[in-house]
Amino acid sequence: MDSIPIHTQILMIIGKIVLALFYGTLGTFSTVLLLIYNGPSKFFRRVQRATPPAQAMDPVYGKHDMIKLKASCFSSINMTHKSTSDQPLMLFVHGFPECWYTWRYQMKYFSKNYRVVAFDLRGYGLSSKPANVKDYRIDLLAGDIADLVEGLGYKSCILVAHDWGALIAWVVPMLYPNLIDKLIILNAPHPGAYRDSLSVKQLRKSWYMFFYQVPFMPELLFQSNDLALFKQIFCTKPMGLINTNNMTSDDLEVFKYTFSQKGTPTAAINYYRAFFRHPRDDLEKKINVPVLIIWGCKDGALGEELADA
Numbered sequence: 009m010d011s012i013p014i015h016t017q018i019l020m021i022i023g024k025i026v027l028a029l030f031y032g033t034l035g036t037f038s039t040v041l042l043l044i045y046n047g048p049s050k051f052f053r054r055v056q057r058a059t060p061p062a063q064a065m066d067p068v069y070g071k072h073d074m075i076k077l078k079a080s081c082f083s084s085i086n087m088t089h090k091s092t093s094d095q096p097l098m099l100f101v102h103g104f105p106e107c108w109y110t111w112r113y114q115m116k117y118f119s120k121n122y123r124v125v126a127f128d129l130r131g132y133g134l135s136s137k138p139a140n141v142k143d144y145r146i147d148l149l150a151g152d153i154a155d156l157v158e159g160l161g162y163k164s165c166i167l168v169a170h171d172w173g174a175l176i177a178w179v180v181p182m183l184y185p186n187l188i189d190k191l192i193i194l195n196a197p198h199p200g201a202y203r204d205s206l207s208v209k210q211l212r213k214s215w216y217m218f219f220y221q222v223p224f225m226p227e228l229l230f231q232s233n234d235l236a237l238f239k240q241i242f243c244t245k246p247m248g249l250i251n252t253n254n255m256t257s258d259d260l261e262v263f264k265y266t267f268s269q270k271g272t273p274t275a276a277i278n279y280y281r282a283f284f285r286h287p288r289d290d291l292e293k294k295i296n297v298p299v300l301i302i303w304g305c306k307d308g309a310l311g312e313e314l315a316d317a
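Each residue of the sequence shown is one higher than the one before, starting from 9 at the first, in our numbering.
Treat each hint with caution, since some may be false.
Derived pair list, reagent style DSSO-like, types lysine-lysine, alpha-carbon separation capped at 30 Å [unchecked claim]:
id, residue 1, residue 2
1, LYS163, LYS209
2, LYS294, LYS306
3, LYS293, LYS190
4, LYS142, LYS76
5, LYS190, LYS239
6, LYS78, LYS163
7, LYS190, LYS24
8, LYS50, LYS245
9, LYS24, LYS71
10, LYS71, LYS163
11, LYS306, LYS209
12, LYS264, LYS116
13, LYS71, LYS264
14, LYS24, LYS209
Because the hints were derived from the structure by calculation, they are not lab data.
Predicted, not measured: the structure shown is a model, and the values here were computed from it.
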């Protein structure tokens with residue numbers, strides 16, 4: 009990708025600040041209105057989730073484990089029982105606001121021919137949660153993938169990723185060109201293509217990214233009324249599933265459990281804050297690995313035109 013002229017960089021920074029102020033104010037106002045509408049007792053209602061829901065612990069998905077990475081980041085790992093270490097590694101990376109459980113169906117299917125592993129990203133669920141925004145820089149998140157592959161005893165893998173996980177996945181072969189055998193991306197454009205194809209329409213769809221730059225309020229909104237926002241995100245337009253039967257109340261509990269862990273909401277939102285505060289324009293270059301892009305055309309966050317960018 010071509011380097012960005014300095015005057016364009018300045019305009020982009022100013023644009024980010026203006027949009028963050030606008031959507032930050034709008035989001036904060038909406039959060040306060042929700043507090044007034046629901047009342048404090050309902051708005052601040054929290055259910056303690058000390059143990060994982062039974063749905064997440066079903067042995068059909070494999071065994072849970074913890075692994076210590078070089079960067080002192082603990083990730084919870086899920087490996088299917090059918091997989092063995094002599095099979096090729098297929099690593100699944102979830103998006104926001106999700107966890108390893110996103111990949112439950114794919115893991116069961118691909119375990120026939122691969123060692124399949126899904127994990128909770130840095131800051132999610134039981135994974136370690138660095139305190140600073142800078143600890144969620146894209147290069148560090150990509151480094152977690154490289155450390156994980158090595159920690160599992162492999163030199164390379166097939167990487168499957170969605171949403172935020174896919175943004176990280178694009179960067180991995182830029183920094184570790186020999187680590188990825190094949191890259192499978194779900195609904196996330198190459199970062200350089202996203203920049204070059206950015207439109208007013210897409211900026212409107214990405215409003216939440218600017219709201220997330222505000223301190224405290226996004227976390228407060230996410231946790232309100234015992235994480236009620238999750239049902240809205242997964243089961244209603246414009247972000248939710250087309251077939252809501254694929255997201256049961258038990259499934260929602262798994263994601264709620266992940267985000268009920270202390271520090272997870274802030275850590276997950278810090279991905280967006282680090283993306284704005286610590287941009288890496290040098291990590292928008294072309295990659296030289298086989299790539300398959302799968303795109304759902306009714307994505308409420310990213311327009312389908314980005315699939316062709």
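A quick look at each hint next to the structure:
A threshold of 30 Å between alpha carbons decides the hint, and for LYS163 with LYS209 the separation of about 41 Å lies outside it, so the pair is violated. About 27 Å separates the Cα atoms of LYS294 and LYS306, which keeps this hinted pair within 30 Å; it holds. Between LYS293 and LYS190 the CA atoms are separated by roughly 17 Å; this keeps the pair inside 30 Å, and the hint holds. Pair hint LYS142 plus LYS76 holds up; C-alpha atoms about 20 Å apart against a cutoff of 30 Å.
For the suggested pair LYS190 and LYS239, the alpha carbons sit about 33 Å apart, so the restraint of at most 30 Å is broken. The suggested pairing of LYS78 with LYS163 holds, with an alpha-carbon distance near 15 Å, which does not exceed 30 Å. For a cut-off of 30 Å, the pair hint linking LYS190 to LYS24 is broken: about 34 Å separates their Cα positions. Between LYS50 and LYS245 the CA atoms are separated by roughly 24 Å; this keeps the pair inside 30 Å, and the hint holds.
About 43 Å separates the Cα atoms of LYS24 and LYS71, which puts this hinted pair outside 30 Å; it is violated. Between LYS71 and LYS163 the CA atoms are separated by roughly 22 Å; this keeps the pair inside 30 Å, and the hint holds. Distance check on the hinted pair: LYS306 and LYS209 sit about 14 Å apart at the alpha-carbon level, within 30 Å; holds. A distance of roughly 22 Å separates the Cα atoms of LYS264 and LYS116; the hinted pair therefore holds under the 30 Å criterion.
Taking the CA atoms of LYS71 and LYS264, the gap is near 20 Å; set against the 30 Å cutoff, the hint holds. Annotation: proposed proximity of LYS24 to LYS209 holds, straight-line Cα distance about 15 Å (limit 30 Å).
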